[in-house]
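Each step along the sequence shown adds one to the number in UniProt numbering, with nothing skipped, and position 160 is 160.
The reader is advised that the hints may include incorrect statements.
Capping the alpha-carbon separation at 25 Å, the derived lysine to any residue pairs in SDA-like fashion look like this [as the list claims (entries may be wrong)]:
#1 262 x 82
#2 164 x 114
#3 164 x 242
#4 223 x 276
#5 146 x 178
#6 324 x 243
#7 274 x 30
#8 262 x 93
#9 223 x 95
#10 146 x 156
#11 70 x 264
#12 247 x 305
#13 70 x 11
The set of hints was computed from the structure by calculation and includes no laboratory data.
Since the model is a prediction, treat every value here as computed from it, not as a measurement.
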Amino acid sequence: MNRQPTYCAICNKADGGFNYGASCCNSCKMFFRRAAQHPNFPTHCKNTNSCVGCRFCRYQRCLAAGMVWKDPTPVMRDITPTIKHLAKLDNHRQNVFLNYVAMDNLTLDELIESNSVNYTLKQHGVQLDVFNWATLKHTTSVVFMKNFDFVPLLDSEDLKVYVKQMYKPFMMFCTAMRCYTNRRECAEFPEGLDILPQQLTSQFINCPEVLLKVRCPIVNRLKELNIIYEEFLMVTAIFICNPVSSKLSPNGQTIISRSQKKYASILMQYCLIKYQNSGPSRFSDLLSLFDTINNTAKNLDNVLIQSFGTFQPKRQKVFDDMMKAVLE
Numbered sequence: 001m002n003r004q005p006t007y008c009a010i011c012n013k014a015d016g017g018f019n020y021g022a023s024c025c026n027s028c029k030m031f032f033r034r035a036a037q038h039p040n041f042p043t044h045c046k047n048t049n050s051c052v053g054c055r056f057c058r059y060q061r062c063l064a065a066g067m068v069w070k071d072p073t074p075v076m077r078d079i080t081p082t083i084k085h086l087a088k089l090d091n092h093r094q095n096v097f098l099n100y101v102a103m104d105n106l107t108l109d110e111l112i113e114s115n116s117v118n119y120t121l122k123q124h125g126v127q128l129d130v131f132n133w134a135t136l137k138h139t140t141s142v143v144f145m146k147n148f149d150f151v152p153l154l155d156s157e158d159l160k161v162y163v164k165q166m167y168k169p170f171m172m173f174c175t176a177m178r179c180y181t182n183r184r185e186c187a188e189f190p191e192g193l194d195i196l197p198q199q200l201t202s203q204f205i206n207c208p209e210v211l212l213k214v215r216c217p218i219v220n221r222l223k224e225l226n227i228i229y230e231e232f233l234m235v236t237a238i239f240i241c242n243p244v245s246s247k248l249s250p251n252g253q254t255i256i257s258r259s260q261k262k263y264a265s266i267l268m269q270y271c272l273i274k275y276q277n278s279g280p281s282r283f284s285d286l287l288s289l290f291d292t293i294n295n296t297a298k299n300l301d302n303v304l305i306q307s308f309g310t311f312q313p314k315r316q317k318v319f320d321d322m323m324k325a326v327l328e
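All chains, full assembly: derive it from the sequences and hints.
Printed below as a string of C-alpha cells:
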C-alpha cells in the first residue's frame, strides 16, 4: 500500500517527519531550531500579526503546532568530556602506531601484565613489514583497552579474559576505521601494505574471496553507515566493554557491564541530540557493527586455521599466542 502523504503543520508543504513535537518539513524544523536559539529573535510582528513571511509569525505557528525546543547543551556537557577522554586515548594509540616501533618481544600475558611497553621512534624512510605493523597493532590496542577507568577494579584473571576476548576484533575495527577515513577500499596497513602476510595469502590464490571476507566487510559497513569519528569512539567503548564471557568472574562481569551501559547511554543521548527522531534507529544501526566485526574476526580465525602448519608467524611471541587461542 502507498503511504498517504502528510503535510507540514507550519507551511503545509510535504513534511519530512515528526520533529520537536510536530509534523513539519525540514525547512521549518531548521527554522524552529535557529529561532529557539537566536539571542535577538523578533518579539513582535512587523506587519499585521498574521502575515505569512514574517519570522515572528512563522515561529508562532511552530509553537501553535506543538513544537517544543529542548536545549541539548546540558546533556552535551555530560557527553563531551567522555568523548574528549576517548579521543585522547585513541589519539595516543594512533600516534604510537604510526610513529614508533615496538622493541619488546612479549607474550600476550606479559603485554597485559606489563606497566609499560618499550618503543623507539621510527626513523624517516624506514619501511616496516607486515609483522612489525601487526606487532604495533597488538601492543597499542591492548594498551588502549587497559587505559579504561574500570580496569583497575578488575583482578588479574578478569583483566586477561577482558583483553583476550576483545583485543583481536578491536584491532580489526581500528584498522578498518583508519582505512575508511583514508578512503581505502579494504583494510590495509599504512603505505598500502596488506594486513595479511604473503606466506598466508599465497595459500588462497585459487579462492581470493576467502581473504576478501577478512579485508573488506568492516570497511564496507562503515561506508554504508557514513560513520563519524565521535560515533566510532563511543561504539568502540561499548564494543570492548563486553561482559559476556563464561570465564569472567561475577564481579568482573558486573564491573564491565556497568561501564558498557554507561557508554551505551551516552551514545543513545548523542544520537537523540544529533539525529532527533531518527536517533533510536541510528543507535541500532551503529550497534549493528558488532555483528560485522565479530563475523570478520571469525573469518580471520578460519583463515588461520586453514593455514595452520604452513604459516609460521615471524618471531613475535604475541602471534604464537594468537594462533594458540584460535586453535583452542
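So, going through the hints one by one against the coordinates:
Our distance criterion of 25 Å between C-alpha atoms is met by residue 262 and residue 82, whose separation comes to about 10 Å. For a cut-off of 25 Å, the pair hint linking residue 164 to residue 114 stands: about 15 Å separates their Cα positions. About 11 Å separates the Cα atoms of residue 164 and residue 242, which keeps this hinted pair within 25 Å; it holds. For the given pair, residue 223 sits about 22 Å from residue 276 by alpha-carbon distance, which is consistent with the 25 Å threshold.
In summary, the hint linking residue 146 to residue 178 is supported, as the alpha carbons are separated by about 21 Å, within the 25 Å threshold. A C-alpha spacing of about 23 Å is found between residue 324 and residue 243, which places the hinted pair at or below 25 Å, so the restraint holds. Between residue 274 and residue 30 the alpha-carbon distance is near 13 Å, which keeps this suggested pair within the 25 Å criterion. This hinted pair checks out: residue 262 and residue 93 have alpha carbons roughly 22 Å apart, not beyond 25 Å.
Between residue 223 and residue 95, the direct Cα distance comes to roughly 24 Å. Compliance with the 25 Å bound is thereby established for this hinted pair. Distance hint between residue 146 and residue 156 is fulfilled; the C-alpha atoms sit about 12 Å from each other, no more than 25 Å. For the hint linking residue 70 to residue 264, the alpha-carbon distance of about 21 Å falls within 25 Å, and the restraint holds. This hinted pair checks out: residue 247 and residue 305 have alpha carbons roughly 23 Å apart, not beyond 25 Å.
Pair hint residue 70 plus residue 11 holds up; C-alpha atoms about 22 Å apart against a cutoff of 25 Å.
When the structure is compared with the earlier hints, no violation turns up for any of them.
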